Amino acid sequence: TQLLEQSPQFLSIQEGENLTVYCNSSSVFSSLQWYRQEPGEGPVLLVTVVTGGEVKKLKRLTFQFGDARKDSSLHITAAQPGDTGLYLCAGAKAAGNKLTFGGGTRVLVKP
Amino acid sequence: DAGVIQSPRHEVTEMGQEVTLRCKPISGHDYLFWYRQTMMRGLELLIYFNNNVPIDDSGMPEDRFSAKMPNASFSTLKIQPSEPRDSAVYFCASSLGLGLYEQYFGPGTRLTVT
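From first to last, the protein sequence lines are chains R and U.
So the first sequence is numbered by the working numbering: it starts at 1 and just counts up by one.
So the second sequence is numbered by the working numbering: it starts at 112 and just counts up by one.
Simulated from the structure, these hints should not be mistaken for laboratory data.
Every value quoted in this text rests on a predicted model; they were computed, and no experiment measured them.
Don't take each hint at face value.
[To be verified] Pulled a few chain U residues facing chain R out of the computed Cβ check, cut under 7 Å:
1. Leu154
2. Leu211
3. Phe216
4. Gly217
[As the list claims (entries may be wrong)] Computed beta-carbon distance windows for the label pairs:
5. Ser138(U) x Thr51(R): 41 to 47 Å
6. Asp67(R) x Asp167(U): 29 to 35 Å
7. Ala95(R) x Asn162(U): 17 to 23 Å
8. Gln191(U) x Thr20(R): 40 to 46 Å
9. Thr149(U) x Pro111(R): 26 to 32 Å
10. Ala68(R) x Ser177(U): 23 to 29 Å
11. Ser7(R) x Glu155(U): 17 to 23 Å
12. Gly170(U) x Phe10(R): 21 to 27 Å
13. Glu41(R) x Val164(U): 24 to 30 Å
14. Asp67(R) x Ile116(U): 22 to 28 Å
15. Glu213(U) x Gln14(R): 31 to 37 Å
[Claimed, not checked] Below, simulated BS3-like cross-link-like pairs (lysine-lysine); rule was C-alpha separation at most 30 Å, straight line:
16. Lys189(U) x Lys98(R)
17. Lys59(R) x Lys179(U)
18. Lys135(U) x Lys93(R)
19. Lys56(R) x Lys98(R)
20. Lys110(R) x Lys93(R)
21. Lys56(R) x Lys110(R)
22. Lys110(R) x Lys57(R)
23. Lys93(R) x Lys59(R)
24. Lys179(U) x Lys189(U)
25. Lys179(U) x Lys93(R)
26. Lys57(R) x Lys93(R)
27. Lys93(R) x Lys56(R)
28. Lys57(R) x Lys98(R)
29. Lys135(U) x Lys98(R)
30. Lys98(R) x Lys59(R)
Every residue, glycine too, gets a C-beta built ideally from N, C-alpha and C.
Work the whole structure out from these sequences, hints included.
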């Protein structure tokens, strides 16, 4: 069992549809990050959230950190083929702690 | 900066052989991380260094794995002897700190052990 559980594991949608990816834990995190990984490359940071209830927007991507800082979600509006990739959440339990990564959600956006 | 550099990008070797993966972190980053990624287990932290000193190697699978960081611009991950179950993509990452600091990943080394 992973400390950070991501769901769904795989998501296939048509271009223009919306999608939401979830990252859940029974533990509290001081900060949580979302990374996107494209085939043949390493993960790249999308956003960092640190405050319970925080919402951050990055163009068509909306990130939310749960009030209790145990969960997070990533919502993509009007998905495009360029959004295809592996989305990873990663949390740190305290400021000086290493990151723990979730299992990832593989997103495929078909044109 | 060129980002984190890893070599080789692909490695195919036979069971029992020694494998050495190399990493050059981003200049000025005090932390260096080695990860392994597989479909079954996802992205796992193997070991990380702070100012060239190994801090946490609890993720290293067994004694066959070893990592060194002789200076601030170079690290190696060695597997000796290699086994088929070591087949995975190995990533090196560097950062300015822990916690909420961004980790910058290299392109990875795809290792296949036959």
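Status of the hints after comparison with the structure:
1. Leu154: It holds, given that the least Cβ distance between Leu154(U) and chain R is near 4 Å, below 7 Å.
2. Leu211: 4 Å, holds
3. Phe216: This interface hint holds because 3 Å falls under the 7 Å limit.
4. Gly217: At about 6 Å, which falls below the 7 Å cut-off, the nearest Cβ of chain R leaves the hint on Gly217(U) intact, so it holds.
5. Ser138(U) x Thr51(R): 41 to 47 Å: 32 Å, violated
6. Asp67(R) x Asp167(U): 29 to 35 Å: With Cβ atoms ~30 Å apart, the hint holds.
7. Ala95(R) x Asn162(U): 17 to 23 Å: 18 Å, holds
8. Gln191(U) x Thr20(R): 40 to 46 Å: Distance hint for Gln191(U), Thr20(R) holds at roughly 45 Å.
9. Thr149(U) x Pro111(R): 26 to 32 Å: 29 Å Cβ-Cβ, so the 26 to 32 Å window holds.
10. Ala68(R) x Ser177(U): 23 to 29 Å: Taking Cβ atoms as reference, Ala68(R) and Ser177(U) lie about 40 Å apart, which means the hint is violated.
11. Ser7(R) x Glu155(U): 17 to 23 Å: 20 Å, holds
12. Gly170(U) x Phe10(R): 21 to 27 Å: 26 Å Cβ-Cβ, so the 21 to 27 Å window holds.
13. Glu41(R) x Val164(U): 24 to 30 Å: Given range 24 to 30 Å: holds, Cβ gap about 29 Å.
14. Asp67(R) x Ile116(U): 22 to 28 Å: Given range 22 to 28 Å: violated, Cβ gap about 41 Å.
15. Glu213(U) x Gln14(R): 31 to 37 Å: Given about 32 Å between the Cβ atoms, the range holds.
16. Lys189(U) x Lys98(R): 22 Å, holds
17. Lys59(R) x Lys179(U): 41 Å, violated
18. Lys135(U) x Lys93(R): 28 Å, holds
19. Lys56(R) x Lys98(R): Given pair Lys56(R), Lys98(R) holds - Cα atoms ~23 Å apart, limit 30 Å.
20. Lys110(R) x Lys93(R): At roughly 36 Å apart (the allowed maximum being 30 Å), Lys93(R) and Lys110(R) break the hint.
21. Lys56(R) x Lys110(R): Holds, at roughly 26 Å.
22. Lys110(R) x Lys57(R): Between Lys110(R) and Lys57(R) the Cα gap is close to 23 Å, so the pair holds against 30 Å.
23. Lys93(R) x Lys59(R): 28 Å, holds
24. Lys179(U) x Lys189(U): Given pair Lys179(U), Lys189(U) holds - Cα atoms ~8 Å apart, limit 30 Å.
25. Lys179(U) x Lys93(R): 27 Å, holds
26. Lys57(R) x Lys93(R): 23 Å, holds
27. Lys93(R) x Lys56(R): 20 Å, holds
28. Lys57(R) x Lys98(R): Holds. Lys57(R) to Lys98(R) sits at ~25 Å (cutoff 30 Å).
29. Lys135(U) x Lys98(R): Holds, at about 20 Å.
30. Lys98(R) x Lys59(R): 28 Å, holds
Hint compliance for this structure: hints 5, 10, 14, 17, 20 are not met, and every other hint is.
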